[in-house]
Amino acid sequence: MSIVVRPHAQNLVQWAKDKPDVLVLSADLTASCEASDFQAAYPDRFFSFGLGEQNMMGFAAGLAREGFYPFVHTFAVFICRRPFDQVAMSIAYPNLPVRLIGFLPGITTPGGVTHQAIDDVGLMRLLPNMTVLDCGDATEVASALDVAQAVDGPVYLRMLRGNVPRLFDPACPMVLNTARVLEQGSDVTILTEGICTEEALRATAVLRPKGISFRHLHISTLKPFDDPLVREAIACAQLGVITLENHSVIGGLGSATAELMAESGSAKRLIRLGLQDQYAHGASQAYLMKEHGLDAMALVRAVERLTGETFNVRETDLAAVDLSLDQQRAKAEDL
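Mind the numbering: the sequence shown is residues 135 to 469 in the working numbering, read in order.
Derived by calculation from the structure, the hints in this document are not laboratory data. Treat the hints loosely; a few may be bogus.
Said to hold, decoys possible - Calculated lysine to aspartate or glutamate pairs in the EDC-like style (CA-CA distance at most 16 Å, straight line): (1) K402 / D321; (2) K402 / E425; (3) K344 / D321; (4) K357 / D253; (5) K151 / D280; (6) K357 / E332; (7) K344 / E438; (8) K151 / D178; (9) K424 / E332.
Claimed, not checked - Computed spacing ranges between beta-carbons, pair by pair: (10) A369 / A417: 34 to 42 Å; (11) S398 / A454: 35 to 43 Å; (12) D280 / D178: 21 to 29 Å; (13) L260 / N446: 21 to 29 Å.
The beta carbon of each residue, even a glycine, is placed where N, CA and C say it ideally should be.
From just these sequences and the hints, can you work out the full model?
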């Protein structure tokens, strides 16, 4: 597994080079949301609003009505909470092509409850016309802009910043409403998103030699949520389904999966791993993932619950997993 430094900052400038109708909007978080390079490269296409997210959303709606494609850059909490009414009424209701790029999703920040977007997917899924995307690695960070730009309407994108791992082959970009099939098995189906996919890859690598067959799908489109690959994965799970998400289990991937299973009449058991109807707090990402059951060991324990077996997996076993080969499991034909 390699690490890519600031993939969004690198990609945004080059991607927007031949797209003069693409504009970037920021609310006093330009450097923190990796938009500084865009500002330097295209100063006439960059707008800063200070601490005024509500105003920024209304302005973005106006730009979209005039034929531009505004890419709003701010922290996820400042998209889905403070200006929620403006997003709902000015952007989603008229179905305008505004791209809302939300940084620091879930517990990827130590900033505490004021900065941890643990409810953003649920809120954005509520809005008619809104497409919801989630990046899991550097490959998806670099390809998500193409996916968002192809949507005829508003898009909310959970974005990763800083040092981002590369789990997936760059030749296999994100595809709208199409999961990455990372493993084909039939005992347990695992659905993961965002930073939790890396944790799941560690868990399945340790459990695979113990005789458990997994079907592991990485989910990058959280709305719409009617991917035939997901339906098939749920149907083939002999023991049950586990979701693992960087979000509350209410409203996010776990809820979307439960809704899909209920509507299809599935009687399979479902275990939802994520924040359990509680707030997080200020601490490191690794600490919070462990405390709230979003890490590889939490997934091991969930598999034990489904199988009724004890695998005696240690933290050192999980930490020792080399993911350099796992990134090749996502074949192009599965995307």
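Results of checking the hints against the structure:
no. : hint                    : verdict
1   : K402 / D321             : holds (11 Å)
2   : K402 / E425             : violated (27 Å)
3   : K344 / D321             : holds (12 Å)
4   : K357 / D253             : holds (14 Å)
5   : K151 / D280             : holds (13 Å)
6   : K357 / E332             : violated (22 Å)
7   : K344 / E438             : holds (11 Å)
8   : K151 / D178             : holds (13 Å)
9   : K424 / E332             : holds (14 Å)
10  : A369 / A417: 34 to 42 Å : holds (39 Å)
11  : S398 / A454: 35 to 43 Å : holds (39 Å)
12  : D280 / D178: 21 to 29 Å : holds (23 Å)
13  : L260 / N446: 21 to 29 Å : violated (42 Å)
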